[in-house]
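Visitor: Protein chains in written order, with numbering that gives the first Met the number 0: chain S, 0 to 483; chain P, 0 to 497; chain R, 0 to 99.
Note that these hints are calculated values from the structure, not bench results. Note that beta-carbon positions come from the ideal geometry of N, C-alpha and C, so glycine has one too. Be aware that one or more of the hints could be misleading.
[As the list claims (entries may be wrong)] Partner residues are not named here, just some residues of chain S that face chain P (Cβ under 8 angstroms, in silico):
(1) Phe369
(2) His371
(3) Ile388
(4) Pro389
(5) Pro390
(6) Phe401
(7) Gln406
(8) Ala413
(9) Ile415
(10) Ala421
(11) Tyr425
(12) Leu428
(13) Val432
(14) Tyr435
(15) Gln478
[Stated by the list, open to error] A few chain S residues that don't get close to chain P, going by computed Cβ distances all over 12 angstroms:
(16) Cys104
(17) Arg151
(18) Gln199
(19) Ala273
(20) Lys354
(21) Ile410
(22) Pro439
(23) Leu454
(24) Pro470
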Amino acid sequence: METIAMPAINFAAIMPETILSVIAMALLLINVFVPSEQKAYLGYLSLIGIVVTFFTVIGGWGTPQEGFNGSVMQDNFALFFKGIFLVSAALSILISDQYMKREECNHGELYPLILLATCGMMLMASGTDLMTIFLGLELLSVSLYVLAGFQRDSLKSNEAGLKYFLLGAFSTGFLLYGMALIYGATGTTRIAAIASYVAQNSLAGSNLMLLIGMVLMAVGFSFKIAAAPFHMWTPDVYEGAPTPMTAFMSVGPKAAGFAAFVRVFVIALPTLRADWADLLWVLAVLTMTVGNITALYQKNIKRMLAYSSIAHAGYVLVGFVAGNAVGTAGIMFYMLSYAFMNIGAFAIIVLVGKKGEPNNNVEDYAGFGFKHPLLAVCMSIFLFSLAGIPPAAGFIGKFYLFSGAIQAGYIWLAIIGVLNSAASVYYYLRVMVFMYMKDPVEEFDWLKVSPAIALCLIIAVAGVLIPGIVPGYLLELAQKAVLL
Amino acid sequence: MPNDYLILTILVFIPLTGCLLLVPVWSRVEWARRIALGAALLDLVLACWVYAAAPAVIAGGGTLPGFFLWEDLPWIERFGIRYTLGMDGIALPMVLLTAFITVIAMLVSWRAIKERVTFHYFLILVMETGIMGVFLSLDLFLFYLFWEVMLIPMFFLIGIWGHGRRIYSAVKFFLFTLAGSLLMLLAIIGLYLIHGDQSGAYTFGLPALLHTQIASGASLWLFAAFLLAFAIKVPIFPVHTWLPDAHTDAPTAGSVILAALLLKTGAYGLIRFGYPLFPEAARTFTPLLYILGVIGIIYGSWVAFAQADMKRLVAYSSVGHMGFVVLGIAAWTPVALSGAVMQMVNHGVTTGALFALVGMLDERSGTRSIAAFGGLWGKAPVYSFFFLLFSLASLGLPGLNNFVGEFLVLAGVFRVSPIAACFAFVGVVVTLIYMLRLVQEVLFVGERTPLPLADISFREGIVLGVMGVTVIILGVYPAPFLDLVSMPVALLTGGGLP
Amino acid sequence: MVSLHSYLILSAILFSIGTIGVLTRRNAIVIFMCVELMLNAVNLTFVAFSRYLGNVDGQIFVFFVMTVAACEAAVGLALMIAFFKNKESIDVEDVNLLKW
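All chains, please: the whole structure from these sequences, using the hints.
Guide: Following this line, the structure appears as structure tokens:
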């Protein structure tokens with residue numbers, strides 16, 4: 000019998016993705032048989048899936064796997080980011096159940112969607128072909144559109160979903176057009192091949208098509224990582240989406256966007272470095288400044304964290320602009336610590352919120368500190384970490400990013416970043432001022448902390464404090480994961 | 000001294016351990032108070048023991064001359080960050096002062112704090128760890144870490160238990176200090192990279208960084224960043240504005256620690272890091288420091304003169320007194336620098352005591368307005384005696400501690416810059432005037448509004464008595480102190496012994 | 000024989016029309032159609048390049064883009080229906096609960 004020659008498929012390269020998507024499909028089927036009040040079990044199942052996947056990620060460390068004819072590459076860089084995605088997915092799932100029960104929106108599809116989104120992020124991180132990256136991005140985005148609009152009966156959530164969808168699809172157009180032009184200029188969609196073509200034909204800054212393609216891709220990615228001036232959707236979507244999903248969206252997809260952004264720009268277009276570094280310099284400054292300054296005026300804490308997440312994208316861009324090993328490792332370290340601190344903060348918001356979240360303003364936290372000391376301490380740790388105050392992981396991360404920038408000679412960028420960081424402290428402090436220094440307007444209800452959320456908080460606090468005090472091991476890992 | 004026992008680490012982390020012990024007794028206030036005080040006392044005893052044992056082993060240990068205790072452990076190897084602590088004759092008095100003032104601050108607030116008591120002591124202990132760390136760390140990264148750690152508790156102390164515009168003051172304090180220190184962080188990173196590129200060994204350790212050759216342009220910027228961070232803490236004239244607010248609105252313990260300890264960290268940073276790391280840049284900035292120091296002295300004293308609130312008056316007097324420290328550092332001669340270190344300790348004790356005294360009045364009568372009091376001498380003689388003693392110390396009466404420090408600074412500065420010394424002397428005179436006015440108004444003028452004022456309690460008597468004895472001893476017999484300081488100061492200034 | 004340039008210019012024009020449409024139109028469905036127009040302009044670019052360069056990568060890409068666009072349409076329309084149910088409008092002017 001005649002056999003068909005199998006193409007060079009290497010399943011080891013997409014092991015984590017495979018496991019996650021299989022589990023996601025299985026959960027979709029199981030979901031049909033699970034009664035509405037027991038959907039939490041789906042959450043536990045998906046957590047098991049995530050833990051299993053996490054082990055394959057750990058197992059793959061140090062042995063790069065190339066698969067599918069070179070369109071995916073699971074190297075340390077991809078694996079580190081996969082770790083970040085899994086952490087953010089797991090933490091978000093842990094805080095989902097209680098929230099969804101409270102909002103009476105306990106649909107089982109939530110968990111498969113989160114897993115699929117995670118799968119998409121992973122593809123983005125390990126994609127070495129523009130096509131793979133695009134597919135990963137779309138898998139992620141489509142899942143997120145649904146997750147943002149997950150509360151069908153809440154108008155806010157609907158709006159968030161719709162806005163995210165329209166602007167997300169819009170930005171996809173730019174990204175795609177950029178990819179098309181780069182394909183046209185170089186004749187390939189493989190990242191490595193693009194790089195060698197550009198190098199061989201010395202297409203540096205002179206090739207208009209390549210340049211336009213690069214700029215359009217930068218615009219597309221900037222939408223995804225919510226960099227100013229392409230950040231307009233972020234606050235609305237973050238405010239309207241279900242809080243656990245906001246937590247998820249503010250961390251995982253952002254990290255995935257950076258992973259793809261870095262891989263495409265650093266590997267494929269190193270010869271255009273001078274051009275894109277200038278472009279990103281401006282983006283970084285704008286993003287930090289706009290994010291921080293607008294965050295100063297926010298009353299709603301979700302919205303404030305949304306703007307703060309814009310600002311954080313700006314800090315990470317600083318590391319990107321630096322473009323050296325320290326800066327790139329800084330991006331990874333920072334995104335990981337950001338996952339812990341930001342989702343941790345959102346976990347507290349989930350706990351404090353009442354049905355429909357009428358009490359999401361900073362003022363509603365008045366007196367929280369002494370009513371719920373433990374939770375308030377957790378919140379303070381997260382906020383201090385976000386503000387970049389030692390000994391928290393956020394500080395080490397910022398330290399790392401700014402070191403990279405200074406090493407690369409971007410002194411002014413580092414100074415602007417640091418001043419921004421100082422300004423940002425104000426709005427984080429404001430929450431603490433309300434928590435500890437103002438008397439409560441109305442008495443807090445007794446908060447029910449589900450074991451899942453408690454676990455999430457413990458993990459998050461550990462993830463903020465341990466790398467903050469003894470960062471050596473993680474820094475080592477991040478250094479080994481650098482692409483350069 | 001053998002390094003095997005990690006004495007400095009123990010010194011730094013006893014308070015933090017005390018914090019952990021507070022957690023199980025969180026709601027049992029009496030226990031919490033005692034445990035906290037116990038931890039602070041233990042730290043004080045250890046510090047005293049180190050002092051007692053120090054002279055015997057004063058040479059040796061470490062890679063920097065003059066340090067007699069030295070601990071060095073790997074921490075974040077990738078970055079060349081090490082856990083390096085060291086103690087010399089300048090750090091030791093600061094550590095003693097820290098341990099001493101912490102105990103005082105706890106005793107002062109023994110009854111004044113009625114709500115969230117455990118948290119209050121918890122924060123004081125965290126702060127003690129931070130301040131000890133700042134005085135002892137010799138790795139710039141570690142130093143920065145402790146530098147930030149000591150901010151947070153003070154923010155909460157002012158914001159939770161403060162008076163008046165407490166939140167405004169707390170946030171202002173935090174933002175001012177943070178903005179400066181973040182720029183310092185950039186300068187630290189810059190220095191680290193310059194040193195690393197030069198020698199191939201990337202490290203944050205002070206001993207290695209001291210040998211860095213820096214282009215003069217770069218070193219000016221780096222020094223400016225360090226100077227800004229430290230100047231905000233000291234505070235030096237144009238960036239002092241957070242201080243009166245923070246002092247006035249802080250609770251008594253907060254004011255005492257703020258004045259006695261936090262301000263010292265800025266001056267200490269200049270002595271330990273700023274000047275030695277960038278000697279040439281520092282020389283360029285010296286005229287500016289003279290001017291700002293003198294302005295600080297005169298301006299602080301002048302504004303203090305106009306205050307109606309006693310706490311604000313003492314706060315502004317701090318600006319004036321710290322101006323002397325700045326002058327002493329700027330002159331950078333052995334005599335002036337010894338004077339500056341001495342003045343740091345003096346100011347810590349004297350101003351700490353004055354804040355405590357004002358706090359006691361506030362506790363009893365609910366007001367701090369000078370105009371509300373009068374004739375205290377007849378009503379509360381013991382209290383009045385101490386009030387007089389510390390006021391006289393503050394204005395620099397010979398025989399009391401401040402006189403020695405100010406005299407040394409003026410003598411040292413006069414040799415280098417007579418004009419600055421003359422102007423500073425004007426400040427001394429103004430200090431004399433407003434302090435005497437304060438004493439007269441509060442203690443001697445006839446009673447204005449009848450206020451129920453009890454004399455000091457036993458606990459307060461102990462606090463004030465111990466501080467009073469310190470003030471007198473330092474004033475009458477400062478030789479042991481000056482001996483301790485003389486060697487490191489001589490090493491720093493590169494000259495012979497004074 | 001139509002040259003590559005003509006295709007590229009045409010797709011650029013289509014893309015711009017789509018972009019302008021997204022920015023100016025107010026009806027969510029029309030906006031979405033404009034996005035589709037942008038995507039199809041990109042497809043045209045891909046196909047033209049593929050033909051010009053003589054390799055099939057571009058055409059494969061187009062298949063994926065079409066698939067993805069279909070998914071987006073499904074999800075997008077579902078979101079619009081959910082919104083319409085609550086608000087009885089799909090005019091983005093009415094998407095105003097959150098600050099735009």
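Visitor: Evaluate each hint against the coordinates.
Guide: Structure-based check of all given hints:
1. Phe369: holds, 6 angstroms
2. His371: violated, 14 angstroms
3. Ile388: holds, 5 angstroms
4. Pro389: holds, 5 angstroms
5. Pro390: Because about 6 angstroms separates Pro390 of chain S from the closest Cβ in chain P, which is inside the 8 angstroms limit, the hint holds.
6. Phe401: Holds, because the Cβ-Cβ distance from Phe401 of chain S to chain P comes to roughly 6 angstroms (cut-off 8 angstroms).
7. Gln406: With a minimum Cβ separation of about 6 angstroms from chain P (threshold 8 angstroms), the hint on Gln406 of chain S holds.
8. Ala413: holds, 6 angstroms
9. Ile415: violated, 11 angstroms
10. Ala421: holds, 4 angstroms
11. Tyr425: At 6 angstroms from the nearest chain P Cβ, Tyr425 of chain S passes the 8 angstroms test, so the hint holds.
12. Leu428: Nearest chain P Cβ about 6 angstroms off; hint holds.
13. Val432: Nearest chain P Cβ about 5 angstroms off; hint holds.
14. Tyr435: holds, 6 angstroms
15. Gln478: Hint on Gln478 of chain S: holds, closest Cβ of chain P at ~7 angstroms, below 8 angstroms.
16. Cys104: holds, 38 angstroms
17. Arg151: holds, 42 angstroms
18. Gln199: Holds, since 33 angstroms exceeds 12 angstroms.
19. Ala273: Ala273 of chain S is indeed farther than 12 angstroms from all Cβ atoms of chain P, at 22 angstroms.
20. Lys354: Its Cβ never comes within 12 angstroms of chain P, the nearest being 31 angstroms, so this holds.
21. Ile410: Not fine: 8 angstroms to the nearest Cβ puts Ile410 of chain S too close to chain P.
22. Pro439: holds, 14 angstroms
23. Leu454: holds, 21 angstroms
24. Pro470: violated, 6 angstroms
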